[in-house]
Structures are given as C-alpha cells and as structure tokens.
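Participant: Here is what each chain is made of, one letter per residue.
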Amino acid sequence: MTMNNQGRPTDVGTPDASPVTGTFSGNRGLQMEEALIFEQDSPGQCGVDLPGAPTTELRLGAVRPRGRVGLPGLSEPSVVRHYTRLSQKNYSIDTGLYPLGSCTMKHNPRLNEKMARLPGFADVHPLQPESTVQGALAVLDTLSHWLITLTGMPALALSPGAGAHGEMCGMMAIKAALEARGEDRRKRVLVPDSAHGTNPATAAALGFVVDPVPAMEDGRVDARALMDKLAPANGVEVAGIMLTNPNTCGLFERDIVAISEAVHAAGAYFYCDGANFNAIVGRVRPADLGVDAMHINLHKTFSTPHGGGGPGSGPVVLSAALAPFAPVPFVVRDGQGFRLVEDGGAAQGGARPFGRMKAFHGQMGMFVRALAYILSHGADGLWQASGDAVLNANYVMAKLKDVMSPSFEGPCMHECLFDDRFLKGTGVSTLDIAKALIDEGYHPMTVYFPLVVHGAMLIEPTETESKRDLDRFIATLGALAEKAKQGDAGFFQAAPRHTPRRRLDETTAARKPELRWKPE
Amino acid sequence: MRYLPLTDADRKAMLAAVGVSSVDELFRDVPASARLPGPIAGLDAHQGELEVERALSAMAARSVPAGSVPSFLGAGAYRHHVPATVDYLIQRGEFLTAYTPYQPEISQGTLQVLFEFQTQVAMLTGMEVANASMYDGATACAEAVMMANRLTRRSRAVVSGGVHPHYRDTTATLARMTGFDLAGLPADPAGAEDLAAQVDESTSCVVVQNPSVFGHVQDYSALARACQAKGALLVVVVTEAMSLGLLTPPGEMGADIVAAEGQSLGNALNFGGPYLGLFATRDKYVRQMPGRLCGQTVDAEGRRGFVLTLSTREQHIRREKATSNICTNSGLCALAFSIHLSLLGEGGFTALARLNHAKAVQLAGKLGAVKGAEVLNGAFFNEFTVRLSKPAAGVVDTLAQRGVLAGVPASRLFPGAGLDDLLLVAATETNTEADMDALAKALGEVL
Amino acid sequence: MSTIKYTKDHEWIRVEGDVATVGISDYAQRQLGDVVFVELPDVGRALAKGKDAAVVESVKAASEVYAPVSGEVVEANAAVADEPSLVNTGAMSEGWFFKLRLSNPAELDDLMDEAAYFEYLEGLE
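Chains A, B and C are the protein sequences, given in the same order. If you count the first sequence from 1, you need to add 9 to reach the working numbering. If you count the second sequence from 1, you need to add 6 to reach the working numbering. If you count the third sequence from 1, you need to add 62 to reach the working numbering.
You may find that some hints are simply not true.
Below, in silico cross-link-like pairs of lysine-lysine (BS3-like), each with a Cα-Cα straight-line distance of 27 Å or less [to be verified]: (1) A:Lys476 - A:Lys492; (2) A:Lys196 - C:Lys113; (3) B:Lys327 - C:Lys161; (4) B:Lys327 - A:Lys196; (5) A:Lys238 - B:Lys18; (6) B:Lys290 - A:Lys521; (7) A:Lys521 - B:Lys18; (8) A:Lys408 - A:Lys433; (9) A:Lys408 - B:Lys236.
Beta-carbon label-pair distances, calculated as ranges [claimed, not checked]: (10) B:Gln97 - A:Lys527: 28 to 38 Å; (11) A:Val218 - B:Ala202: 32 to 42 Å; (12) B:Asp206 - A:Val266: 32 to 42 Å; (13) A:Val350 - B:Arg60: 54 to 64 Å; (14) B:Arg8 - A:Arg90: 41 to 51 Å; (15) A:Ala498 - B:Ala23: 56 to 66 Å.
Because the hints were derived from the structure by calculation, they are not lab data. Computed from a prediction, not measured in an experiment: that's the story for all the values here. Backbone N, C-alpha and C fix where the C-beta goes; we use that ideal spot for every residue, glycine too.
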C-alpha cells in the first residue's frame, strides 16, 4: 500500500487531566456557548415582516404544495445574536497574523466591500440588455486590461469561479489547442511532487495521465528529469506541464525559462499555477517566463476576502497560442460600447471558444473588489507590495533559521518553509507546534504541505504585516521551538487550551459521519 | 500606500537582518531577462480612497440598477429583498476575513454555520445530506452528472430541454473535455418532452430542472421510478431556491442528486456572481460527493464541536484520484443564504414563497390580457414564458429605453433555436402592482 | 498448513490451498493511524499483482492497497467495511481485506517471509 509519509498524525492528542474550571452557564466570559439554530426554535416566530400577498389561486398543476420544511422560527434579535456569537469563535485576518502559506492571507480593505455594493454593480441582473449594463462591463474590461498588462499575456478568461476552476479552464484551453492541432494523442502532463493537490486532480479529471517530476535537494524541480520526461514515454507524448512558480517551497524556479523553452520545443504547453503570484506581481511578468496559461486567485493576490472558504475568483491569462480557445463569455468593444459574446457559435475573428465554465459571466462581485484594490495600489504600489511580501518572508526565515530547521537555502520568495527536523526526538510534532501557536493567539502556518519535506511548516506573512507584529510572532514561535527542544511534549500535545474548543475528534467524525442536525 | 505597514526604516533594518542590501537582491533567482527594472509603465499610479471611489462610482453609474426600474428578469438569477441584517452580519471581519476552517479549534464559527447550512439545504431539497456549497448552480449540475457517472459506472447523461442552457453548456463542456456522452434534448418551451423514453441501460442520469427554464413546474416522481427501473439516477436542478418553500421538494419526488442555485436567499444579483451552488444527495452516495463537508464530533473535553470531514475525497489529500478538483467554495454566500433563511424561519420562508407565486399569478393575469401576448404555462412558480407577436429581443430593448426591464428574451439563452418570439418573465416580492401595470402598459404599446 | 508472506508495500498474504487472504501489516496500520474507511474490491474482480485492489483511509490520508499476487476476488471482508477500526485492532487477523483465488501461485516466490519482512522494516526505521 501507499504510505502516509508526511508524518501527519491523526489522533486527538492528550487532553489535560484537569480541564479549565467550568461556569454555571457554560460560557467563559466573552466565549459564549451557542446552541444550533435548530435548537432555538420558537414556533411561529419570524425575523422578517412580509408584505401581504395578492389574493390569487394556486397555479401549480400536478405539483402539490409542500409540507413542513422543518426550519426553526426566530426573531431578528435572536438571529443577530446567534451569528455574532458564532463569529466570535473564528480567527480572522482582522484578528491577527494569519501566516497560512500558499493562501496569501493579506488585509482585506473595506473600500472593496463598499465598491462592490454600489447598485450599478450589485443590483444588476446578468441578462439585462447590454445598453443597461455598460458600467458592469467596464469593470470587466478595465480589470482585464490590468491583469493582461501585469502578466504580459495577450488574453484573459474571466469566468472561472476560483483557482482550481481556473486550472480546469487553462487545461481545457490546452486540450482544445492540442485537438485543433490534431495532436490530442498527447496525454501526459508533468506535475512536480510539490504541486498543490488541485493540479493532479485537474489533469486527471480531463483524462490526462499525471507524470510526477521529483524535486531536487535545493527544493526546486529537477529540470533535467523534467526535460527527460518531455520525450515520449512508452509512446505517450507530453501535453504540458503544470508548474507553480514561485513554487510551494517558497522558491523561484531558476531554470524556468529553459524549462519553458524545452516544453515548447517538445510541442507541449506550460500551465503555471498562479497561487503564488503575490510574490512577483508588478515585478515579473509570467509572459516573460514562457507561460501559456496561468490562473490568478483574486482572493489571494488581489485581496478579495476569503469569506471562510469562498467565494473566490480565478481568471486565467492565456498566451497567443491558447487565446483563440478562451471560453465564453467575453467582452468586446465596438462603436456602441461594450458587448458580451455569450454564444460560441457567433464568435468572430478566429475565436474558437472551447465552451463555458459556469453560468453567466464570472464572479463580478470579486472583480469589483480586485479592481478597487488594484486602483488603490497602482503599478507603483503593487511593485512595493510584492517587494514587501518577499522581504517579510525572508525576515521571518532569517530570524528563525537558527532555532527551527529551514528546509532550503534562501532567499525565499513570499513564504518560507521549515520542516520538523528540529523536533526530532522531542515527541513534539508539527501539529503540536501549530496547536500551541493557537494558544499564543496566532493562526498556525500551513502544516504538512508541501509534501516534499517531512512535517512541513509553510509561513507566508504577506506584505500587510508590520515589523512590530512580525517581531512579536517571531519571538513567540521561536520561544515555542526552544520549549519543544527542551522537552515537555505533554505541554504541546494538550494544546490548545484557551480556545472555544480543544482538539476535536476527527476520527469519530469520519467513522460515523454526522453531517446535519436531525430532530430528536 | 495605506495598505503597507512597513516604513523605510523598517525595510532597512529588515534587509540588514536578512543580510542583503536591497529587495532586488532577494529576487536574484529570477532570470535577469524577466526582472522588470521598475513599476510597469503605462499603468496608473496608486490612488487614495476618494479617487478610487470616484472612479468606480462613475463606472457604476453607467449601469441601470434593476431596483431603479420595474424589473422582471429571472432565468437563473432573481431579485429578492435581502434584509439589512444579512449584509451586516456577513461583513463581520471574523466571517469575512477568515480562511477555510482547517484549524477547527479557532474556526468553530464558520464550521457551525456550515453544519447549519448543510442541514438547511437538506431540509429545503428534501434530501438526506448536503455539502458546504459549490461555485454556482451550473457547476453543481456538472458535478452532479460526474458523480452519477461514477456511481453508475456509466457515461451517458440525458439533459432535459427545460434545463437552463448555461447549466447544459457547462456540463457539456465538461462532458466533451472529460469524455462522457451528454444527450441534450431540444429546448422545450411547452414542457411536454418524454424523458422516460430516453432512459436505457447505458444512461447514468437524467437531468431535469424544476421549475424549468421556461417556468414549468412538474412532478417528476414517475420519471424517478423510470430511472430507477433502468439503474439510472435522477438529477434535479433548481435555479430558483425560493420555489422550495412552496413546491414538493425534489427529494420527495425521488431525486438522487439535487444541484441548485442558492442566490435567491441572501445574495444580490451581482451581475451573475458570486453565486452559491447547492448540492444534496442520499446518505448512501456521500462518499462520491464532491466538495467540502462539515461534520459534528466532540473535542478532547467531550464538548460538541464541528470539523471538516471525509476529506479523503478531496484533492488536497486524494490528488489525481479526488472526486473533484474543487477547493474553494462559496462560503460567504452560504453564510448569507443561511442567515436569510434563519430570519425567515419556517413561517417566513413558506409565506415568502407563496407571495412570489401570488405575484407571478397576478402578473400572468395582467400580461395574458395584453393584445399580442400569450402566457404559455399552465403551471409555474414565479416565472413563466410569454409568446409575443414580435421578436422578444427587440421588444426588450425598446422597453429598456422606456425604463422597464421586461424579462429575458429566450433567443439570448437559445440563440438560433427558433424561439425568437418568447419572453421569460419573473415576478418576486419586490415587484409592486404598479410595476406590473407599467410592464403591461408598455408591452401593449409596442406589440 | 498456511504460510504468511509480505510485500515491500506492507500487504500480507496468507495462503491456504489455492485461496489466499490479504491484509495490511501491523506496521502499516500503525503508520496510517486510526483507520476510518476501507473500500474493498467487488467479488469476482480479477486483480493483477501490484495493481490497485483496495483503499484504506485515515482522517488525513488515503492509501491504495495493492494486490500482492494476481487472482480473482472470492470474498471481501464485510466486517472491516462496517467497522474500519478492526484494521487497527487486528491488522493481521479480523482486519483482513479480501480473499483471492490465485491465478499464478509462482508469484508468491517474489514475496518476503516474516523474518525477511521484519528485517526490511528495521531498514526503514
């Protein structure tokens, strides 16, 4: 069988013998116990006063009106309190440093929120006549201009709903281009071991065979192995590569230009996972690296909120070779103003859209937010932002390299990677360090990813952290590392203690899934 | 720059700590040919909040907000009234600026919301289990078909002519790219197609939409039985979640998978996104379900808590063997949906659904009386199809100039299908009787 | 008389006549942690040596279990599908995965006996 060799433990850890002293209410000061909304049913109560309905007959044909749904009734104040209390159980960027590597948890400006709610953007139906949506289309066009200029790529597909969806879009464009060349026999896609899980998942979903490429000792992809793999293997030819750059070890792939040239010489395409674009935005254009397609996570690089897991937005920039295959819809400009091309069959000028990614025209609300961020920064501000992001990560690395074990030589880009060698023999795991960091008031770094090092800890501070906050974080993490090395594994294994909940039993959750509330 | 906390003095001290003399030196691994010498030329420089607000407000002013005129558009996106509480609560920083709840001890807020959301979606659809959301209804539909293919180990899906064309096209794109057959039936404005005849031993699933894109509501129980008899699954698409407050839910009709759009609850029109894909199924199929799932468990002190669970289905663990490549979902839209539904409760939700239906019945009566307009539907929820005596696209453009957004011409969704005279019209609680009279009057004048 | 053999991928196989029982080793279950789910092959499926046969999952990991030798599945362990923790409590006994009718018994010769496997494990530490 394949082995779990990342060192990730699955048990709950050891709780303290003596839990924190209880209270009569179950609350602990500002930490409120909050029942499920279904347990707060006050039958007949309603938080909305509706207008009266006109008197009409039902016109439902053979369909019966439904019976009880099962929803609880609550007044407006009860609902406000429920969600306010729940919100207080969350850590957020607004709360503190959120150094989650590969996720770019930067400040989310509230100006973005205000702009996205302007009625000319928020209260516009996607199928209104074009003459009535020129402002919304102007946002699509202006954002496209910025993203195209920042990447140096000639074309853009705006509609993908998030990063993984953008990967799907880019790889579909590659597949369509290969088909147009009559080379759909190309079935192999090279993916480095350090890649995000979405890369192999996307390639496999599209019927490609994933061919892993090993990493070198220095944390970068083995360019020679990669180039060897560009030759047909067992008669299966290469369609493309999916490479993250800067890579998931936080390092820039030095051989990237040579790699992209070799990929193109082999008749294949270069998909770049743009998750780490924040490190280079405004300083390096992916077009100059030989990229054919790259998604841009607006919810990472361009500050749109993560919202507890979405929505995201993943526009994809495309090279000249892939541009004709961009999916519908897209915006064109003519004498009348902006127009939307929604019907692939009616596309003109050599466009051969491969299809459609989702309903309507993309994540408009995210486009407005990203544009507000981009206009705020300007070209000079973006240059400074990527520089500060890289400086912050290198500063963390420099300050912690002697007390923890950095996986690779620097300089790093916008994130720095440590592994668990410094914990060897202590009985403390990467997970324990993460949980102890929670007690110290920090969201942990990304743990156990990338998979190419053991017990990975990937720290991405982003450019929106001050030196003072970084110094405090460095001091805390450094102190925890020292404490771990001195022993007292029990202290770490029982963490966190000061949170609304202690470690949760994920094993029982998976063995006996309870995925919804049910009435008694 | 107001978003960047480092001062020049900080940068200098930090560079010294790192042991380099400039930030540029940190970029030394980038090939020199790809390193730009300075900020990209030809792009604007940074701007203050006032200037950005002015620029974007000027852009926004070039659109006509649906709420500023009588508006009757539906076809997969609906204008409902969202209580102020919803938008206030979703902007709390602890919800807005949190990431995916991978560290459950400090994410119980988001996790409990997801658990409640999954429960609400399961209740509304009449299904046993729901996930923590997908990008939108169309991608949920495509994922439902892929799931049905996995479950049945078959690869031919039948898509009704009543399914929204964007949903059909999103699924068809995936079908072409991943290699399964998609039999799309012709547009069905009359709601009269015989789907059971399309099901055979090679069919993985039949996809229907209720109400259909033309507004027809139907009982699909017989079709569910026909599917079951051939070992195929029934996928029911719902683009107007409000209808679930009035109609027999898909689960009671025998649906195996429900893929729905949840925008109608809590979420603005937003010119088409971000929206909220709802995805629900039977317990026995849960391991083939795409997307994140939140589950209940206990913490080390035995107290109830919530975690993301069954993650081994997902790409970050399963990589090329994952059930889907999806990672990010629509968390904040799900929160808005959940809060709106909590405010409505049982009584409010069902009353609001009835109100929508009553408004549509009232509007159908008024439009049916307009010369040159004929309502095609016998049964509908809050949306129906009107046959006009002139091409609908031109009528819609003319009425837009008169300050009425009349609906969606079928030709926009079904170009070249010979449906030029059909207009899709929706009414919600936001439409007053005066709005309806304005539409009927304007329509009467141009037909 | 039965013999037990191991693969380098930590599957064990116990042969009785022309039918063999397959599971994962105690070392493997410890490495995996708490097993939460087991997916077994359908009876009648033909398995090829070294190819995917079953899946075993912990909370954060999913592992493929490979067929140690070729053969046709004659039984899958329903108990372990219902109660995956049996893999942890009895990897070598009641936590078995499936039974095979061998199609090429000579393939057994490529596998390690218990002594060789334990020696192999020591090399991994």
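Participant: Hint by hint, say whether it matches the structure.
Facilitator: For each hint, the structure was consulted:
Annotation: proposed proximity of Lys476 (chain A) to Lys492 (chain A) holds, straight-line Cα distance about 24 Å (limit 27 Å). Proposed proximity of Lys196 (chain A) and Lys113 (chain C) is supported: the alpha carbons are some 21 Å apart, at most 27 Å. Using a Cα cut-off of 27 Å, the hinted pair Lys327 (chain B) and Lys161 (chain C) holds, with the two alpha carbons roughly 25 Å apart. The suggested pairing of Lys327 (chain B) with Lys196 (chain A) holds, with an alpha-carbon distance near 17 Å, which does not exceed 27 Å.
The straight-line distance between the Cα atoms of Lys238 (chain A) and Lys18 (chain B) is roughly 44 Å, outside the 27 Å bound, and the hint therefore fails. For the suggested pair Lys290 (chain B) and Lys521 (chain A), the alpha carbons sit about 13 Å apart, so the restraint of at most 27 Å is met. With a CA separation close to 55 Å, the supplied pair Lys521 (chain A) and Lys18 (chain B) exceeds the 27 Å bound. With a CA separation close to 21 Å, the supplied pair Lys408 (chain A) and Lys433 (chain A) stays within the 27 Å bound.
Restraint check: the Cα-Cα separation between Lys408 (chain A) and Lys236 (chain B) comes to about 65 Å, which exceeds 27 Å; the hinted pair is violated. Against the hinted window of 28 to 38 Å, the Cβ-Cβ separation of Gln97 (chain B) and Lys527 (chain A) comes to about 32 Å, which satisfies the hint. Between Val218 (chain A) and Ala202 (chain B) the beta carbon distance is about 39 Å. The supplied range of 32 to 42 Å therefore holds. The given range of 32 to 42 Å is broken by Asp206 (chain B) and Val266 (chain A), whose C-beta atoms sit roughly 54 Å from each other.
For the pair Val350 (chain A) and Arg60 (chain B), the beta carbons lie near 30 Å from each other, so the given range of 54 to 64 Å is not met. Distance hint for Arg8 (chain B) and Arg90 (chain A): a CB-CB separation of about 34 Å, inconsistent with the stated range 41 to 51 Å. Checked against the given bound of 56 to 66 Å, the beta carbons of Ala498 (chain A) and Ala23 (chain B), roughly 31 Å apart, lie outside it.
Of the numbered hints given earlier, the model fails hints 5, 7, 9, 12, 13, 14, 15; all others are met.
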